[in-house]
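Participant: Residue-level listing of the chains:
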Amino acid sequence: SQQGEEDPQALSIQEGENATMNCSYKTSINNLQWYRQNSGRGLVHLILIRSNEREKHSGRLRVTLDTSKKSSSLLITASRAADTASYFCATDTSYSGAGSYQLTFGKGTKLSVIP
Amino acid sequence: DVKVTQSSRYLVKRTGEKVFLECVQDMDHENMFWYRQDPGLGLRLIYFSYDVKMKEKGDIPEGYSVSREKKERFSLILESASTNQTSMYLCASSYRRSYGYTFGSGTRLTVV
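Protein chains in written order, with my numbering: chain W, 913 to 1027; chain G, 14 to 125.
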């Protein structure tokens, strides 16, 4: 079952502009993560934000989390052609005391950065 | 650098064959996962394992089984391959829940 849904499905911007992608989810979470996938390859973990955090930064990445709206956003500042990829949000909804856990991924936002 | 290695990048198998997809991680991670990725459907969880010999079904386990005899190796088995199992298969591992997944490069399986 799909938990996270990214918006927009596709985004095309000029190099140097900022890119914003959104993720909405349905049930309460332990944490939310963002991943990047270059064409035909495996996913790369970008950033994890816990349910009690509101904002996190990593280099040119900024992630926000609004648990009251069940939504998150990923901002990439000063985008580069190398940022061209698909971006996925993933949610951990497992009970926090559970011995096992898994992530549920959205369908992704395809970002194209034009040089 | 930590690594998750999937044994094949591309694989072509015939309908009805038994198919083994191998995944090895060198990070001593407890948790390992198998997903399949299809256009328009995103990533869907097939099976996962949180310890040696332990396994749990994900969202779409039908037609698949798994084996985890050693901590570093998690195998996905297609008991009798069918054309609707043509897909990109992604293996991942994780240290614990507060850490992200490390993914392998994926195996693109075509069943003809």
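Hints listed in this document are in silico derivations from the structure and should not be mistaken for laboratory results. Among the hints, a few may not be true.
[As the list claims (entries may be wrong)] Label pairs and their in silico Cβ distance ranges:
| id | chain 1 | residue 1 | chain 2 | residue 2 | range |
| --- | --- | --- | --- | --- | --- |
| 1 | W | Thr979 | G | Pro74 | 27 to 33 angstroms |
| 2 | W | Asn930 | G | Ser118 | 28 to 34 angstroms |
| 3 | G | Arg121 | W | Thr979 | 23 to 29 angstroms |
| 4 | G | Ser95 | W | Gly971 | 40 to 46 angstroms |
| 5 | G | Arg86 | W | Thr989 | 14 to 20 angstroms |
| 6 | G | Val65 | W | Ser980 | 39 to 45 angstroms |
| 7 | W | Ser980 | G | Thr28 | 25 to 31 angstroms |
| 8 | G | Arg22 | W | Ser1024 | 38 to 44 angstroms |
| 9 | G | Thr18 | W | Thr939 | 39 to 45 angstroms |
| 10 | W | Val956 | G | Ser78 | 41 to 47 angstroms |
| 11 | W | Arg962 | G | Thr28 | 44 to 50 angstroms |
| 12 | G | Pro52 | W | Thr932 | 35 to 41 angstroms |
| 13 | W | Asn964 | G | Thr28 | 46 to 52 angstroms |
| 14 | W | Leu973 | G | Ser93 | 30 to 36 angstroms |
Just so you know, even glycine gets a beta-carbon here, dropped at the ideal spot from N, CA and C.
Participant: Next, verify each hint and record whether it holds.
Facilitator: Okay, the hints, checked on the actual structure:
| no. | hint | in the structure |
| --- | --- | --- |
| 1 | Thr979(W) with Pro74(G): 27 to 33 angstroms | 30 angstroms, holds |
| 2 | Asn930(W) with Ser118(G): 28 to 34 angstroms | 30 angstroms, holds |
| 3 | Arg121(G) with Thr979(W): 23 to 29 angstroms | 37 angstroms, violated |
| 4 | Ser95(G) with Gly971(W): 40 to 46 angstroms | 44 angstroms, holds |
| 5 | Arg86(G) with Thr989(W): 14 to 20 angstroms | 40 angstroms, violated |
| 6 | Val65(G) with Ser980(W): 39 to 45 angstroms | 41 angstroms, holds |
| 7 | Ser980(W) with Thr28(G): 25 to 31 angstroms | 50 angstroms, violated |
| 8 | Arg22(G) with Ser1024(W): 38 to 44 angstroms | 25 angstroms, violated |
| 9 | Thr18(G) with Thr939(W): 39 to 45 angstroms | 34 angstroms, violated |
| 10 | Val956(W) with Ser78(G): 41 to 47 angstroms | 28 angstroms, violated |
| 11 | Arg962(W) with Thr28(G): 44 to 50 angstroms | 45 angstroms, holds |
| 12 | Pro52(G) with Thr932(W): 35 to 41 angstroms | 24 angstroms, violated |
| 13 | Asn964(W) with Thr28(G): 46 to 52 angstroms | 50 angstroms, holds |
| 14 | Leu973(W) with Ser93(G): 30 to 36 angstroms | 44 angstroms, violated |
When each numbered hint is compared with the structure, violations occur for hints 3, 5, 7, 8, 9, 10, 12, 14.
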